[in-house]
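Participant: Chain by chain, the residues run as shown.
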Amino acid sequence: MSKTFKLDGREIPFETGQTIMDAALAAGVYIPHLCHNPEFAPHGSCRVCVVDIGGRQVSACTAAASEGLEVDNSSEAIGETRRAILQMLFVEGNHVCPACEKSGACQLQAVAYYTGMLAPHFTHFFPRRSVDASHPDVVIDFNRCILCELCVRASRDHDGKRVFAISGRGLESHLVIDSPSGLLGDSSFAATDKAAHVCPTGAILPKGRGYETPIGERLYDREPISIVGDVRAQEEEVL
Amino acid sequence: MNVSATVTVEGFVAESLATHGRDPRHLLQHLIRVQQRFSYVPDAAVEALSAALDVTRTQVRAAIAFYAFLHDRPRGAFEIRFSDNITDRMLGSRRLIRLLIERLGLAGLPAWGRDLVRADGRVSVGLASCTGMCDQGPALLVNGQAVTNLDAQRVDRIADLVQEDTPLERWPGEFFRVENNIRRRGLLLGNPATDGAAVRRLLDAGAEAALAEVERSGLRGRGGAGFTTALKWRFCREAPGTDRYVVCNADEGEPGTFKDRVLLTDYTDLVIEGMTVCAGVIGARRGFLYLRGEYRYLLPHLESVLQRRRAEGLLGTRILGADGFDFDIEIHLGAGAYICGEESALIESLEGKRGVTRKRPPFPVTSGFDDQPTVVNNVETFLAAARVVQWGGYWLRGEGTDQSAGSKILSVSGDCARPGIYEYPFGTPVHQVLADCGAENTQAVQISGAAGATLSPADFDRIIAFEDLPTAGSFMIFDHSRDLLDMVRNFAAFFAHESCGFCTPCRVGGALLRNLVEKVAAGQGSEYDLSEMRRIGTVMRRASYCGLGHTAPNHVLNTLDKFPLIYGRRLARASHTPSFDLDAALSQARALTGRDDIGAHIEDGSEVSA
Numbered sequence: 001m002s003k004t005f006k007l008d009g010r011e012i013p014f015e016t017g018q019t020i021m022d023a024a025l026a027a028g029v030y031i032p033h034l035c036h037n038p039e040f041a042p043h044g045s046c047r048v049c050v051v052d053i054g055g056r057q058v059s060a061c062t063a064a065a066s067e068g069l070e071v072d073n074s075s076e077a078i079g080e081t082r083r084a085i086l087q088m089l090f091v092e093g094n095h096v097c098p099a100c101e102k103s104g105a106c107q108l109q110a111v112a113y114y115t116g117m118l119a120p121h122f123t124h125f126f127p128r129r130s131v132d133a134s135h136p137d138v139v140i141d142f143n144r145c146i147l148c149e150l151c152v153r154a155s156r157d158h159d160g161k162r163v164f165a166i167s168g169r170g171l172e173s174h175l176v177i178d179s180p181s182g183l184l185g186d187s188s189f190a191a192t193d194k195a196a197h198v199c200p201t202g203a204i205l206p207k208g209r210g211y212e213t214p215i216g217e218r219l220y221d222r223e224p225i226s227i228v229g230d231v232r233a234q235e236e237e238v239l
Numbered sequence: 001m002n003v004s005a006t007v008t009v010e011g012f013v014a015e016s017l018a019t020h021g022r023d024p025r026h027l028l029q030h031l032i033r034v035q036q037r038f039s040y041v042p043d044a045a046v047e048a049l050s051a052a053l054d055v056t057r058t059q060v061r062a063a064i065a066f067y068a069f070l071h072d073r074p075r076g077a078f079e080i081r082f083s084d085n086i087t088d089r090m091l092g093s094r095r096l097i098r099l100l101i102e103r104l105g106l107a108g109l110p111a112w113g114r115d116l117v118r119a120d121g122r123v124s125v126g127l128a129s130c131t132g133m134c135d136q137g138p139a140l141l142v143n144g145q146a147v148t149n150l151d152a153q154r155v156d157r158i159a160d161l162v163q164e165d166t167p168l169e170r171w172p173g174e175f176f177r178v179e180n181n182i183r184r185r186g187l188l189l190g191n192p193a194t195d196g197a198a199v200r201r202l203l204d205a206g207a208e209a210a211l212a213e214v215e216r217s218g219l220r221g222r223g224g225a226g227f228t229t230a231l232k233w234r235f236c237r238e239a240p241g242t243d244r245y246v247v248c249n250a251d252e253g254e255p256g257t258f259k260d261r262v263l264l265t266d267y268t269d270l271v272i273e274g275m276t277v278c279a280g281v282i283g284a285r286r287g288f289l290y291l292r293g294e295y296r297y298l299l300p301h302l303e304s305v306l307q308r309r310r311a312e313g314l315l316g317t318r319i320l321g322a323d324g325f326d327f328d329i330e331i332h333l334g335a336g337a338y339i340c341g342e343e344s345a346l347i348e349s350l351e352g353k354r355g356v357t358r359k360r361p362p363f364p365v366t367s368g369f370d371d372q373p374t375v376v377n378n379v380e381t382f383l384a385a386a387r388v389v390q391w392g393g394y395w396l397r398g399e400g401t402d403q404s405a406g407s408k409i410l411s412v413s414g415d416c417a418r419p420g421i422y423e424y425p426f427g428t429p430v431h432q433v434l435a436d437c438g439a440e441n442t443q444a445v446q447i448s449g450a451a452g453a454t455l456s457p458a459d460f461d462r463i464i465a466f467e468d469l470p471t472a473g474s475f476m477i478f479d480h481s482r483d484l485l486d487m488v489r490n491f492a493a494f495f496a497h498e499s500c501g502f503c504t505p506c507r508v509g510g511a512l513l514r515n516l517v518e519k520v521a522a523g524q525g526s527e528y529d530l531s532e533m534r535r536i537g538t539v540m541r542r543a544s545y546c547g548l549g550h551t552a553p554n555h556v557l558n559t560l561d562k563f564p565l566i567y568g569r570r571l572a573r574a575s576h577t578p579s580f581d582l583d584a585a586l587s588q589a590r591a592l593t594g595r596d597d598i599g600a601h602i603e604d605g606s607e608v609s610a
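Protein chains in written order, with UniProt numbering: chain A, 1 to 239; chain B, 1 to 610.
One chain only, chain A, in its complex shape (with noise of 0.2 Å):
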C-alpha cells in the first residue's frame, strides 16, 4: 500500500521523501513552475508553484509530500497569486515576445499562458540590462534572465565550474559571470555544458541557429505547457 494524499480532490500516491511537485509529476499531474527542473535541488525561489494547504500556501517544489494532505492545485485564489507573480516577472525584466527566438518554446511564456495571463499588467520597470555575445557558441541576453538559478545550479553541481552566480539584491539582483572581464566568452563556460540546455526563458541560446523551427510550429504552439512538460525535453532532443 502507497501513501497518498489529495491534490484537487484526486489520490496522488508518494514515497517518502518526495515533494509534492515531484509525486504530482510523477501521476501526471501538472503544476505549473519555472526554477523547478527534477534534476536539480528543490530551489523555491519563482513561487509559480505555489499551492494552498488548509490556508497555508507553499511552493510544491519544495514542501513534503505527506499522508492525508488536502492540496488545492487549481482553485481560483492560486490561479490569481500565480497569475501575479508572472506578471511581475513580464515587467522586471524585457521580455519582448515578438522578437525573441525563443517565442513559442519558451517556458516563461508557456506557463503564463497557462496560468491566464494573456498580457503585461504591471508598470515596466524598463531595466537597462546586456547582451553578452562575447562567446563563439552561446549568447546571453540578460533581459530575458528571471533569477530562477538554473544556470547557476547546472554549472556549479553538474558542470563542477561555478560559471555563474547571483549578485547584488533586491530589484538589483542579477546574473554574473565568474570570469576576469566578467564576459561568457572570457569564462570556462562550453556550449556542452548542462548549463547552457536549462534555462526556461531565451536568456541563453546558441549562436548561429535562428528560427529554425517555424512560429507556430513551436513547442508551445499547438499544446499548452500542461501537456507538452517543460522546455528542458526539447533541449535534450537538440543536444
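What the hints contain is simulated information worked out from the structure, not anything from laboratory work. All C-beta atoms in this analysis are idealised placements derived from N, C-alpha and C, irrespective of residue type, glycine included. Check before you lean on any hint, since a few could be wrong.
[To be verified] Quick list of in silico lysine-lysine cross-link-like pairs, DSBU-like style, CA-CA up to 35 Å:
#	chain 1	residue 1	chain 2	residue 2
1	B	K353	A	K161
2	A	K6	B	K359
3	B	K359	A	K3
4	B	K359	A	K194
5	A	K161	B	K359
6	A	K194	B	K353
7	A	K194	A	K161
8	A	K194	A	K207
9	A	K161	A	K207
[Claimed, not checked] Covered by chain B, per the in silico footprint, the following chain A stretches (three or more residues, Cβ under 8 Å):
#	region
10	86 to 97
11	172 to 179
Go by the hints and put chain B onto chain A.
Facilitator: Chain B alone, transformed into the frame defined by chain A:
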C-alpha cells in the same frame, strides 16, 4: 581612515588572512576589514581573497554587492551614513542631510543605494536603514561609529571637522555618546549583575534539570516569532550531529528597535551567560555573537567582557573546572542587511555568504551552521534564559499571561516625551505604554517595527502578548501632527531596499509597491492604484519565500484598512491615472521635429489615456 601609503591592499589582505585564518566562512569578516581600511574593497583584495579562500571572484563580488556597507568603489575617507528610519525623519534628519550636503559642497541628495562621494575623495554621504538610535536621533554613522542627537549645530561642526581632516579620535567625545535611556525596569532589567550563578546552577543541577526549568518557565523567543525556547534547545540537543553551535542574534535590524543595543551594553554578562548555559544544555563548544554592523562601536566592550569571562573561567576550556565543558564565543559582524536578522539568512552570513534565507525544513536546530544542529536565539532570550536557569522557571511565570510568561522589553520612540527602554509584564495594554512615555494626541502606533502592525486608537486597549500583539519590541508613536503616508513611504522604500531578491513576490512586488506608494504620494494615484496595492500586498503576504516578504506589505495593508484617508485625500481621479506623463513623453519627439505648437502637445495626458 588616513590610508598610509606603506600598506598595500595585498599586504593588508595577507595580514588579515594570517590573523583571522583562511576559512572561506571568514570571507565576510575579511571584506569588512578591507572596507574599513580602504573605504572600499579594491579589485586586488577581491583577487587575493578569492585565491586564498577558494571562492570564485564572482562570489566575492556578489557578497560585496549584497551588503549595504561594502562597496566596490571608493567612498570618502570620512564615510557618513544618515540613519533613515521614519523616526529620524520625524526628528528632522532630512533637513540636516541637506545642511551637511550644502556645507560639504556636494550636489543632490543621497538615496538608498546612491551615495554622494566628493570628487576629492575626502568625504561621502549616504543613507543607512535604521541604526538603532531612535531614542536619541537623528543619528548617523561616520566610518561605522554612531553619532547621536544630531542638530544643526552638531552637523555644522561635523562639516568643519571633515574640512579640517580631523581624525575621528579627535572629534568631540559627546558626539559618540550613546545613552541607555532605561525608563522602566522589570524582571530582566531590574538587576544587570551576575557572577556566573546560572552557569554554576547548570553545573550543579545538570543539563536535563536546567532544560526542565526553561521548559517550566514557558519562555518564548523574544525576537518576534515566539518559538518556545526549551523546545528549540531540546530539538538541538537531540538532533544527530558531530558539532553543535549556539548563535546569538544581535542583528537588531527591525526599524525602531534598540533594546538589544542596551542589553549588549549594560547586561552583557547575562547575555553571554545565557549563551553559555545553552551551550551546556545542547553540548556546543563554539558560539557566535552576530553583531549588526551598525553596533560596531560595541565591539571593544564585548571583546573585553568575553576576555574577562575567559579569565574568570566562565568561558574557554573546562568552564568552572568542569571536565568536558568547553565553550567559547566569536563575534561576527554584519554589514548592513536587514534580512540577516532571519535566522537561516544569519547563518548564511556567518558562513561568509550573501544573506539569503535557506529553505526550511531543515531548520537550524537540526541543520544550521556548517549544517550542524544550531540554536539561534535573540539577545533578550538568552538574558531571560540565564535568569530562568539561575532562579527557576516559576520566577518567569510570576509575571505575564498564560501563553506569554514574563516580561517584554520595548524600544519606545517617536512622538512622546520620554523615548527609551521600557520593560513591561506581558499583558500590558498599549495605552499604558503611551501614558508612561508621555505620548499625547496619538494617532497611531507601529508595533514590532516596519514588519509589524499599525495600530489605531481603537487598538490601544489591546495587550502586548504573543496571543494578541506579538512584538520584537519596536514601538513607534505617531501623533496627529504626522502624515502617516510618510511612514508608509519610508517603510515601502525600506523593504524594497532590504529584500534579498531571492523570490519573485518580495523582489518585484516590493519594488512595485514602493512605486505605487510614491505615485499616490505624488498626487497621481487613483482607486485603481489602491486596489493594485492590495493585490500586490496580498500576493507578497501569501506567496513569498520567507518572513521578510510575508510581513513587508503589512504597513500598506494595515493603513489601507485603518487609515484610508491618508490615501483617499491624495487621489487625483476616481478611477484611473496613468503612471507616466504623456505630454512629457512627447518632449523628445518635439525636440527632434523642432515643433512646439499646440498640436504637438497633449493638454492632459491622464484624460486622454483614461
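Participant: Next pair to validate is K359/B with K194/A; report whether the Cα-Cα distance is within 35 Å.
Facilitator: The given pair, whose Cα atoms are some 24 Å apart, holds under the 35 Å limit.
Participant: Decide if the proposed pair is consistent with the structure: K194/A and K161/A, CA atoms, cutoff 35 Å inclusive.
Facilitator: Distance ~11 Å between K194/A and K161/A Cα, so the pair holds.
Participant: Quick one: see if chain B covers the region 172 to 179 of chain A, three-plus residues with Cβ-Cβ under 8 Å.
Facilitator: With 5 residues in contact (Cβ-Cβ under 8 Å with chain B), the coverage given for the region 172 to 179 of chain A holds.
Participant: Do the alpha carbons of K161/A and K359/B lie within 35 Å of each other, as the hint requires?
Facilitator: 23 Å, holds
Participant: For a C-alpha distance cap of 35 Å, please report whether K353/B and K161/A respect it.
Facilitator: Given that 35 Å is the threshold and the Cα spacing comes to 18 Å, the pair holds.
Participant: Counting residues of the region 86 to 97 of chain A with a beta carbon closer than 8 Å to any beta carbon of chain B, are there 3 or more?
Facilitator: holds (count 4)
Participant: Given the hint that K359/B pairs with K3/A, test it: the Cα-Cα distance must not exceed 35 Å.
Facilitator: 25 Å, holds
Participant: Is the straight-line distance between the alpha-carbon of K194/A and that of K353/B 35 Å or less?
Facilitator: Holds: K194/A and K353/B sit about 25 Å apart, inside 35 Å.
Participant: Holds or violated: K6/A with K359/B, Cα cutoff 35 Å?
Facilitator: Satisfied, since the Cα-Cα distance of roughly 24 Å is no more than 35 Å.
Participant: Given the proposed pairing of K161/A with K207/A, does the C-alpha separation stay at or below 35 Å?
Facilitator: 21 Å, holds
Participant: Given the hinted pair K194/A and K207/A, is their alpha-carbon gap at most 35 Å?
Facilitator: 16 Å, holds
In terms of the numbered hints stated before, the structure departs from none.
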